[in-house]
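Engineer: Listed here are the chains, written in short residue letters.
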Amino acid sequence: MAEFLSLKEAVSRHINDGDTVCMEGFTHLIPFAAGHEIIRQEKRDLTLIRMTPDLVYDQMIGAGCAKKLIFSWGGNPGVGSLHRLRDAVENGWPNKLEILEHSHAAMASAYEAGAAGLPLAVLRGYVGSDLPKVNDQIKFIECPFTGERLAAVPSIRPDVAVIHAQRADRNGNVLVEGIIGIQKEVVLAAKRSIVTVEEIVDDLGASVNACVLPSWAITAIAEAPKGASPSYALGYYDRDNAFYKEWDGIARDRETFQAWLKNNVFEKGAA
Amino acid sequence: MAEFLSLKEAVSRHINDGDTVCMEGFTHLIPFAAGHEIIRQEKRDLTLIRMTPDLVYDQMIGAGCAKKLIFSWGGNPGVGSLHRLRDAVENGWPNKLEILEHSHAAMASAYEAGAAGLPLAVLRGYVGSDLPKVNDQIKFIECPFTGERLAAVPSIRPDVAVIHAQRADRNGNVLVEGIIGIQKEVVLAAKRSIVTVEEIVDDLGASVNACVLPSWAITAIAEAPKGASPSYALGYYDRDNAFYKEWDGIARDRETFQAWLKNNVFEKGAA
Amino acid sequence: MSLEYTSSEMMSVTAARALTNGMTCFVGIGLPSEAANLARLTHAPDVTLIYESGTLQTKPDVLPLSIGDGELCESALTTVSVPEMFRYWLQGGHVSVGFLGTAQIDRYANLNTTLIGDYREPKVRLPGGGGAPEIATSAKEVFITVKHSKRTFVKDVDFVTTVGFGRDGKARDNVPNIGNGPTVVITDLCILKPDPETKELVVRSLHPNVTREDVIAATGWDIRFAEDLATTPEPGARELEVLRDLKARTHSHHSGPTMPANNEAHRD
Amino acid sequence: MSLEYTSSEMMSVTAARALTNGMTCFVGIGLPSEAANLARLTHAPDVTLIYESGTLQTKPDVLPLSIGDGELCESALTTVSVPEMFRYWLQGGHVSVGFLGTAQIDRYANLNTTLIGDYREPKVRLPGGGGAPEIATSAKEVFITVKHSKRTFVKDVDFVTTVGFGRDGKARDNVPNIGNGPTVVITDLCILKPDPETKELVVRSLHPNVTREDVIAATGWDIRFAEDLATTPEPGARELEVLRDLKARTHSHHSGPTMPANNEAHRD
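Chains as they are written, first to last, in our numbering: chain A, 30 to 300; chain B, 30 to 300; chain C, 24 to 291; chain D, 24 to 291.
Please keep in mind that the hints were generated in silico from the structure rather than gathered at the bench. Be careful, since some hints might not be right.
As the list claims (entries may be wrong) - Mimicking DSS-like on lysine-lysine, the simulated pairs with C-alpha atoms at most 30 Å apart in a straight line are:
hint: 1; chain 1: D; residue 1: K163; chain 2: A; residue 2: K274
hint: 2; chain 1: A; residue 1: K162; chain 2: D; residue 2: K82
hint: 3; chain 1: A; residue 1: K162; chain 2: D; residue 2: K193
hint: 4; chain 1: C; residue 1: K82; chain 2: A; residue 2: K220
hint: 5; chain 1: C; residue 1: K163; chain 2: C; residue 2: K146
hint: 6; chain 1: A; residue 1: K168; chain 2: D; residue 2: K270
hint: 7; chain 1: A; residue 1: K274; chain 2: D; residue 2: K170
hint: 8; chain 1: D; residue 1: K82; chain 2: A; residue 2: K274
hint: 9; chain 1: C; residue 1: K82; chain 2: B; residue 2: K168
hint: 10; chain 1: A; residue 1: K220; chain 2: C; residue 2: K193
hint: 11; chain 1: A; residue 1: K274; chain 2: D; residue 2: K146
hint: 12; chain 1: A; residue 1: K274; chain 2: D; residue 2: K173
hint: 13; chain 1: B; residue 1: K162; chain 2: C; residue 2: K216
hint: 14; chain 1: B; residue 1: K274; chain 2: C; residue 2: K173
hint: 15; chain 1: B; residue 1: K168; chain 2: C; residue 2: K163
hint: 16; chain 1: A; residue 1: K162; chain 2: D; residue 2: K216
hint: 17; chain 1: D; residue 1: K163; chain 2: A; residue 2: K97
hint: 18; chain 1: B; residue 1: K220; chain 2: D; residue 2: K82
hint: 19; chain 1: B; residue 1: K220; chain 2: D; residue 2: K163
hint: 20; chain 1: C; residue 1: K163; chain 2: A; residue 2: K220
hint: 21; chain 1: B; residue 1: K97; chain 2: B; residue 2: K291
hint: 22; chain 1: B; residue 1: K274; chain 2: C; residue 2: K163
hint: 23; chain 1: D; residue 1: K173; chain 2: A; residue 2: K162
hint: 24; chain 1: D; residue 1: K178; chain 2: A; residue 2: K162
hint: 25; chain 1: D; residue 1: K178; chain 2: A; residue 2: K168
hint: 26; chain 1: A; residue 1: K162; chain 2: D; residue 2: K146
hint: 27; chain 1: A; residue 1: K162; chain 2: D; residue 2: K163
hint: 28; chain 1: B; residue 1: K162; chain 2: C; residue 2: K82
What the hints assert, rightly or not - If you want the footprint, here are the derived chain B segments under chain C, 3+ residues with CB under 8 Å:
hint: 29; segment: 46 to 57
hint: 30; segment: 104 to 110
We treat Cβ as the ideally placed atom computed from N, Cα and C, and that holds for glycine.
Starting from the given sequences, assemble the full structure and let the hints guide the process.
Structural biologist: Have a look at this one:
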């Protein structure tokens, strides 16, 4: 059964230095509050996995939490580059960052396979792409029925999954609604999971086939209102597109980034 | 875009003798009306696929529509045997029926793979079971990452999928709700699809992550009120458990079966 | 005190007692479903029940006739697709107990629900594997409940639909990512458990008023009894009351007059 | 009549015209999204737009800044998980057109969105593949829209993130279950299509007031022109009006004052 913890306690207890951590949310419901708590607790040497490492990973990488990044699209959507990610990859600041990159289709299938408890995902992918030349985790197998050559990638089965969701009921069942991304998959694929929620309610108000994660499939739940901002939570608040644009200026420069981090992360406590 | 047709026209136009046909619905939303129309139109030599061939396939097999059955559990749930299926397998009446059997996990994965456009499904399955000895479609592959031995089965990609759903809107988008089974997968995996619905409405009334099949993923839609009875349609009518029990007596004997077929199928037109 | 109860009731109550709060149980239809819901309505209100139709954490008020009755969906936390159920929830490792029935079981707890006789020339054709083959390997452990008879308890099953410990008791040895297999078999006569070494089923407890001879007569192999053979505790008054209420509700629900609409419809 | 319009508007209107009713289009963010929504709001109201965030058949009123803006979900027929989107809808063969942008494109329409320079020592690190590698192979055909410049139109891309026709134009030959690949490239200068034989991109139509020299100067290889070189039709008044309204709505939506709650929150 999921345990209700403060965000501080959840991160402290369930994320260790050196862990493989997936913080997911496909544009929607990105767990920013949890990312900031990880920065505050100065977790180190994390292998970070995420299809679309955007601002939250840019911040964590810039803060020195990561040693490796596995991803399929790393940018500030609609704005441009992730300057902290680039600084780490290109200049090793604040530390060297190893990267391993996939396509979305491969990562989506790898999450599906991870949730399904399988060691590999099979997809019709990477045909003609140079990505297999630079990622030795991409292999090819032959279908035993048709002889077709198909791509295979290792499934994703992280130590910890971190997601944000709209709400939990008092038994610890969680509703995710709207762009549900790979939230269900990453929680089921992970050894441990932390779910931050906008609120804890008596009744989830879920429709019959809603994306509900049962309490017994979750390790810890922490209430974190606006925990996805500047991304958004459908039904609660909109995406702060202005901040996404503003981030480009903040992150471009190490000093402005560090000042932002000090004022907006380190000097704030967990929600 | 889906074409609105009468059930008679849909079956006549889209199901041919010799086709591979999947009529799905996991206990819920079983397309009985469509099955009866197939019987009335005396379709022959069908390869029928269904995880749980229950009364609808018992009726079609007894009526002589099938030459082969691929399945994973063939019974009258909670009641007993399918006597027409057994008569066909054991005595070749009204014709010889070839069977190929799987487990549910393998068929569910084979539908998933079919919807995903893949030629095979990979699962951790059939360990220690004799099923691979009697089904040459079950093979084993080695994971290129871990060396683990995993089962592989061909994906299911039928000529025609037939399902029943609660409702369609006037653009031909279809809502399936409740026990959604493998309805979405079979429609996406099939070359052509026929969807019968309880009613056609202005607005589906679907929640944000509901199981909705877009019009452009469906071939034909036919209105068939009570088209799933004696199974049920959540929100419309309950399962007629009494008839499931009654069927045991009807189907046990060739004569009572044929009389039932004459009175209840052949002498009735399509809804 | 001496309550009156049948051997079927004894079996259901004993099977129910094997489940505890906190377990996530993938429930087979029939006897397992009866036992699992009895557990939920008595000592284990927080046991999580999953049916292969996709209904997660369901709390039916009456026993379902099939694994996909409306009752299961309406009382569930949520309902997922069948591929998701088998891939994410079962194969993904979230099921602690698979609760199965069977037509035949052998001394190594292998189950046969495929056929009696030879595969190509069956004497009796049974429904087939359904969910059982992978429930038995993906769940952390397996409970089996079945009536005890010589026709059912055979030395070697005609067909291994679902592996217990294989023809030689070693089928799970060195297989990665496989559950522990059957840990208990509950019949209307006794409780059996696999020998920790050989995996052969051994009688660990006789139900009240059942003799060793009764079990021997109903078993198709030379059955062994544990040295510390116990007597199974009798059903309690509340367990019997809840079980009888549940069965009465179920009976009236499934055989009551069907709605006119349905009577019409199935004849269309 | 002579409407005033920019070369960017010419590009968007021309790209929009490539889409027709009945197409199911998997939309990349940025220019493709602008063109696809312009098509939907003008001549192709029934074009189906899909974004990789899982939003099926979406009808945003403003252009999304990211592929997962709330607007996409709220206006969609339904929203599915990301694995389902890539496995069932894209790989499953339900997408007729993939509409992509790029950072680099070469003469065989290979796309590079990974990096400029060498992989281990990049001069510029770009976002990466995202959905494009499999959109380009699973969609029945691919439309590309990108601004024309020598930096973008290179003889050979530094890295093939997403295959057009490979380094030699033959990458799709004899590959089973693969789409037809890029069928048209729309820039702010012209329309290019692959030569039916060699698959090399050939200019098929120049936009009004663009010369061959303009295209040659903006292309990093010895670009060929079709014998029957056409002139692209100008944008219509309604197309320009709808495009400008859409961009104005979008601009005001994405840079308008954010809600106080959000301003607070992102500083937590």
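Engineer: Mind checking the alpha carbons of K162/B and K82/C for me, to see if they're no more than 30 Å apart?
Structural biologist: Between K162/B and K82/C the Cα gap is close to 38 Å, so the pair fails against 30 Å, i.e. violated.
Engineer: Verify the proposed pairing of K162/A with K146/D, using a straight-line Cα cut of 30 Å.
Structural biologist: holds, 19 Å
Engineer: Just to be careful, I want the Cα atoms of K274/A and K146/D compared with a cutoff of 30 Å; is the pair within it?
Structural biologist: holds, 24 Å
Engineer: Are K220/B and K82/D close enough, with their CA atoms no more than 30 Å apart?
Structural biologist: Measuring from Cα to Cα gives roughly 28 Å; hence the hint holds.
Engineer: Starting from K163/C, check that the Cα of K146/C is at most 30 Å away, please.
Structural biologist: Roughly 34 Å between the alpha carbons, so the hint for K163/C and K146/C is violated.
Engineer: So if I understand the rule, the pair passes when the alpha-carbon distance is 30 Å or less; does K220/A with K193/C pass?
Structural biologist: Holds, at about 29 Å.
Engineer: Does the alpha-carbon distance linking K162/A and K82/D stay inside the 30 Å limit?
Structural biologist: Distance ~38 Å between K162/A and K82/D Cα, so the pair is violated.
Engineer: Quickly compare the C-alpha distance for K274/A and K170/D to 30 Å and report which way the hint goes.
Structural biologist: holds, 22 Å
Engineer: CA of K220/B to CA of K163/D, is that 30 Å or under?
Structural biologist: holds, 16 Å
Engineer: Measure nothing beyond the straight line between the CA atoms of K274/B and K173/C; if it is 30 Å or shorter, mark the hint as holding.
Structural biologist: holds, 28 Å
Engineer: Using C-beta distances, would you say chain C covers the segment 104 to 110 of chain B, given that this needs three or more residues below 8 Å?
Structural biologist: As far as the segment 104 to 110 of chain B goes, the hint holds, because 5 residues have Cβ atoms under 8 Å from chain C.
Engineer: Could you grab the alpha-carbon distance between K274/A and K173/D and see if it respects the 30 Å cut-off?
Structural biologist: Given that 30 Å is the threshold and the Cα spacing comes to 28 Å, the pair holds.
The structure is inconsistent with the numbered hints 1, 2, 5, 6, 9, 17, 22 and 28, although it conforms to all the rest.
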